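Okay, here's what each chain looks like letter by letter:
2 protein chains.
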Amino acid sequence: MTYGKIDELAINTIRTLAVDATFAANSGHPGAPMGMAPVAHVLFNKFMTFNPKNPDWPNRDRFVLSNCALMRAASCRAGESEMKLNLRGVMSWMKPCFSQLLRFSCVNFIIAGLFLTIPRSSAVNGHGCMLQYALLHLFGYALSMDDLKHFRQVDSITPGHPEAHDTPGIEVTTGPLGQGLSNAVGLAVAQAHTAAYFNKPGFDLINNYTYCFFGDGCAMEGIASEAASIAGHLQLGNLIAIYDDNHISIDGDIKCAFTEDVMARFEAYGWHTQWVQHGDTDLKGIEEAIAKAKEVKDKPSVIKLTTTIGFGSLLQGTGGVHGNALKADDIKQLKVKFGFDPEKTFVVPQEVYDLYHKHAAEGAAAEQEWNQLFEKYGSEYKELHDDFARRVTKALPEGWQNKLPTYKPTDPAVATRKLSESVLEAIYEVIPELVSGSADLTSSNNTRWKKAVDFQPPNLGIGNYAGRYMRYGVREHAMAAMMNGMSAYGTIIPAGGTFLNFVSYAAGAVRLSSLSHQRVIYVATHDSIGLGEDGPTHQPIETLAHFRALPNMMVWRPADGNETSAAYYMALTSKGTPSILALTRQNLPHLEGSTIEKAIKGGYVALEDKEANITLVSTGSEVSLCLEAVKTLKEKYNIKARVASLPCVEVFDAQSKEYRLSVIPDGIASMSVEVMSTLGWEKYSHEQFGLNRFGASGPYKDVYKKFEFTPEGIAKRAAATVEFYKDVKPLRSPINRAFLQLI
Amino acid sequence: MTYGKIDELAINTIRTLAVDATFAANSGHPGAPMGMAPVAHVLFNKFMTFNPKNPDWPNRDRFVLSNCALMRAASCRAGESEMKLNLRGVMSWMKPCFSQLLRFSCVNFIIAGLFLTIPRSSAVNGHGCMLQYALLHLFGYALSMDDLKHFRQVDSITPGHPEAHDTPGIEVTTGPLGQGLSNAVGLAVAQAHTAAYFNKPGFDLINNYTYCFFGDGCAMEGIASEAASIAGHLQLGNLIAIYDDNHISIDGDIKCAFTEDVMARFEAYGWHTQWVQHGDTDLKGIEEAIAKAKEVKDKPSVIKLTTTIGFGSLLQGTGGVHGNALKADDIKQLKVKFGFDPEKTFVVPQEVYDLYHKHAAEGAAAEQEWNQLFEKYGSEYKELHDDFARRVTKALPEGWQNKLPTYKPTDPAVATRKLSESVLEAIYEVIPELVSGSADLTSSNNTRWKKAVDFQPPNLGIGNYAGRYMRYGVREHAMAAMMNGMSAYGTIIPAGGTFLNFVSYAAGAVRLSSLSHQRVIYVATHDSIGLGEDGPTHQPIETLAHFRALPNMMVWRPADGNETSAAYYMALTSKGTPSILALTRQNLPHLEGSTIEKAIKGGYVALEDKEANITLVSTGSEVSLCLEAVKTLKEKYNIKARVASLPCVEVFDAQSKEYRLSVIPDGIASMSVEVMSTLGWEKYSHEQFGLNRFGASGPYKDVYKKFEFTPEGIAKRAAATVEFYKDVKPLRSPINRAFLQLI
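One line per chain: the protein sequences are A and B, in this order.
Per my numbering: the first sequence = residues 1 to 743.
Per my numbering: the second sequence = residues 1001 to 1743.
In isolation and in its complexed conformation, chain A is listed as follows (with noise of 0.2 Å):
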């Protein structure tokens, strides 16, 4: 089709808002809006299929400004109560317990309260977020001209980055550089699977498309090269990516450190390349480039797009227009050249308003068409029909959690991660949705159910887009990004392994899964030096501190088979908390005190003595050594002993006081017993027996012993504790504090 003064009307529109925004602001990234905005005017208006008014719908197409934000559902904004622990799911197992029920919900309010606070946070890098904002306000999404004139403010709705939960028409939260081509790639992954599992003849369900755009910074980082890896592998025919070639980044030229082959780079990855020569103004060009992408169905395609940043400023093309506001004449001039009153801030020409308007009607339109499609697929496969809709709302079918594996203390030893592929094993049939995978080390992490279909290309002839197992190969960082998009598609759940060691390599990754909020599992094994032979490299000391400080993250380090399944129930119930489960290597006994209903409190008692003179507090595998020492101090010290499990802190502190001070109560010395730093445990113990130093290569129990974690190990720094506490009056409990945190 042919282009006219309208489009470049448009296209000026969104480069003056851009502008306009930042000045206001004295702050922001102008550039890549002024750069981007003809590529952006063309995909929204002739290609994108989407319904401001219903941002939920999801056949939608999706948009991924990657170091930037991703169109998506306004619900997120009524999603909040999803966003916190699943606390009426901790109470359905507690129906006798009413004066419980009463405690949760006001825990549930300071919990609402903590995630409420959150979407603040739900940011992104701010390269073009005001292209973002300015394309939300043109299409129709409820974001005002007021709200572009607070750019950058304390609480106003267009943050220094787009914030899914609080910004409207913002998809999820991407962020760091190279993170948003990551969460394309699994948006990706979750159409293509969506599409193979619900699809049927004369029911093309599902069949959006992801789009993404990209720049130098992003094809630099080591994620991205990862995901675009395996998104070849993958044969992503859906995926559409639109790289900004505009050879600035922060340190000016990317002569000076990226001289590389792009594109060549993207077609060793199995990518579909063309190159847009005219970025700026090849309207045409850029249509036709992405119409072709759209024909290749079975690789992923890149549009290479050479533009100007801050195209139309005096400084166009220089680093002097990336990150900071454009100056009074610079913008005048820039106004007068594309036409607008010099005077005047904040324009939209009228028949740009009815040009957006219009194509977001056709996207109303579109939805109504497939809502009728949708229910005349439910008159024909109605099981398939009700599954779906019941995915999106996020819920789990009815009882699924009695299909949860209990333990009797007089079952056999196993390792946790063994036990994580039993909860894997009994449940993958009741929760469609659970898509498991790993990076690189299925049969270490146990993260394959026996039965389980490879999700491959079906000409790989090793498995197909229904297939619900992810082979990520060793690509730990670009695995976690990846699952925060398939989360975000919103219908799948997605969990994934490795080491717990190098969830490490995906900190980036998954410090955005809980601030975008996504029901992402990490199945993290072989979780502390308990791996034995193989060593510090791969034996965890700082990895659990790390994340126990990550706000809106559940750790999970679980002690037996009922803490396994418990750990599971809340990291699937919780639709808006992500979580990592640390598991054992080595086998752990079933503890006698341990069931489901308590583990999910995140802390209860293992073992009562209420004439103990201290409480032992642990997690996992040296909750069982623990038990062992209580024997040892009362035959070796004369000193009774109580154990408190604490498999989840962060869940243990969303329970009431009175119930924690219960575990861990006043009047008697408590000593946090775990074999990894003990940053952090003096907020549930008076003493810390743990391990600040690097691990050792060896048979597991030798490493043990080597560090006294044994229970005369235990037992002779319990009794030291008990010692140098007895004359302290009062003897508080640490759960005690002088006031509240701020959260």
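Check the hints yourself; a few may be wrong.
[As the list claims (entries may be wrong)] Under the rule of at most 20 Å between Cα atoms (straight-line distance), these lysine to aspartate or glutamate pairs were calculated in the DMTMM-like manner:
id, chain 1, residue 1, chain 2, residue 2
1, B, LYS1418, B, GLU1429
2, A, LYS729, B, GLU1723
3, B, LYS1450, A, ASP253
4, A, LYS255, B, GLU1267
5, A, LYS701, A, GLU712
6, A, LYS344, A, GLU8
7, A, LYS450, B, ASP1253
None of these hints come from the bench; they were simulated from the model.
If you're wondering where the values come from, they're calculated on a predicted model, not measured in any experiment.
Based on these hints, arrange chain B on the given structure of chain A.
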């Protein structure tokens, strides 16, 4: 040249040693050594120059078994005493105070204990580490046959993964996948820089090559992609990598996750590529390919070597030989096939020893020649000669510390990132081995001194190889791993910048800086919500807790100019401990009580009051807030307070208990104030005021106000703390513990 029986015998000796050792340990990875033995034989015996009797020789060829270890300097062994915080240096600031000296000496002992433990942990990923051990033994490094027989046993010098400090001949620790190739790029950068800096006509002093073996696992990791991209940009002709193309990873055939064209990707990065199709047998082809790679001076080279994992085993070419010892009958048939006695284990034919010892003797002779050349160099270029000789001892030039800037309270307020720039500006001339850089945030990190020359290939016209400023690009993870390699080379102290929040992208390599005792400096700016508008994806919350939990890492968060100078003093003089300098974007006043001498103790009294009811313990930008809060406390609550500044808790922990109690005394309450996660602050305070949620986007003063980080917000909580603890007797300082931690 031609190859015969003796070469085959040597290769099969390496293979059978790997098989016997893994069988004896019933653990380990025999597959890779069996497949890579031929190329190892050709490379070590025909191309590499090294002296097993002095692995310290500066011009030795370097070898990296990526995701395994790197040949090196046994000196690490002797190097133990360097592997601790520079307390001698601390003392040099304290000559007057002799009693301190004594305390330090005993702290010294504890610290030495701390770091003596760490070599056990300088581990690396197991793939092929028996190849390493076998080669070390056969060439005559101080690694005996008995050591091979104790493979993977606690306290052996042949642990599950090579450990630099206990195993002579292991250069530095690599470990997790992708690190080794990135370290190799760093070693090649260091070689290119050192050669450009020191070589003179007739004195080709530094001309070694860096060789690296890597496999599919490394090739999939993003960090390796980042490193390969910048290696191509930097045109590192001194780097030769061998890609072990064996088609197998832990999940089996790489067809399930990794079908890209790896060589085409490396060509896109600007590498020279070759393919040797019959890597198991074609020794001549291997030799020709390496010879050709050495001729290519303007590009790094990669040789794709198609091999059979577990060559000779009944399970060859399958995942079955990747991570498990061979079965007895398999070993029997393999030994028969290789012409070895199936009944004997750990057999080395004398002619194999003779062959390798002959090459080792040639290496010793080469070092002799070099020593004479270096001596002659000294007569013509005395200054450079002495500079080089000094650098390899890791000692800094006499009196360099007198260049460190000092400040008075009346000096204008400055951001600590700018104060860091002032330090670099002040010392770059006196410390020529200091090589700074940034991951594309130069203007934000302030890491570049005005007269800095970029390290670049001369033909780009924007720098040269003698340049001391690195443009790492947006590649945080590769930057960190490259700095580990640059530090390991022995003639450079690398400092690299990014935002504190994005140091997390590099967590995998940062951990290895600590494990392998590299003197690497992370310049981490924008350290808190104080960065303002950029918002929560950029505002660290969990980051400092993460790295404080990491053993052998100094985390500095200076409060002003003198503390910033102190941070650099300790970072530069602690030869075996890396540092993270967390620096502000916003301006901070200079403290009344601060001096370099006090700050290098890691913690000190910033404001004393003998009658105080509470100690406020703080870091960085919150220290001056606490000093204001002291006034508010007096005026509004009639409470007297004192303030302790703790810029580095790890260094503070190394001080005597008496000193630490003088900073955080018994008898009064204490409260920590740091505008991020409170995790871990219980160790230094009774109560904690922090931010256990994500931040917010806005002008930074508004953000601080929103979270009550104001004199009033601090005072209110301090008053609650005093009230809460007034009845506790005895009220002990948190410095008092019931027992010592394992270190």
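Against the structure, the hints:
Proximity of B:LYS1418 to B:GLU1429 is assessed by CA-CA distance (about 18 Å); at most 20 Å being required, the pair is judged to hold. Note on A:LYS729 and B:GLU1723: the hinted pairing holds, with a Cα-Cα distance of about 15 Å set against a maximum of 20 Å. For a cut-off of 20 Å, the pair hint linking B:LYS1450 to A:ASP253 stands: about 19 Å separates their Cα positions. Our distance criterion of 20 Å between C-alpha atoms is met by A:LYS255 and B:GLU1267, whose separation comes to about 18 Å.
Restraint check for A:LYS701 and A:GLU712: satisfied, since their Cα atoms lie roughly 14 Å apart, inside the 20 Å limit. The suggested pairing of A:LYS344 with A:GLU8 holds, with an alpha-carbon distance near 19 Å, which does not exceed 20 Å. Restraint check for A:LYS450 and B:ASP1253: satisfied, since their Cα atoms lie roughly 19 Å apart, inside the 20 Å limit.
Hint violations for this structure: none, all hints satisfied.
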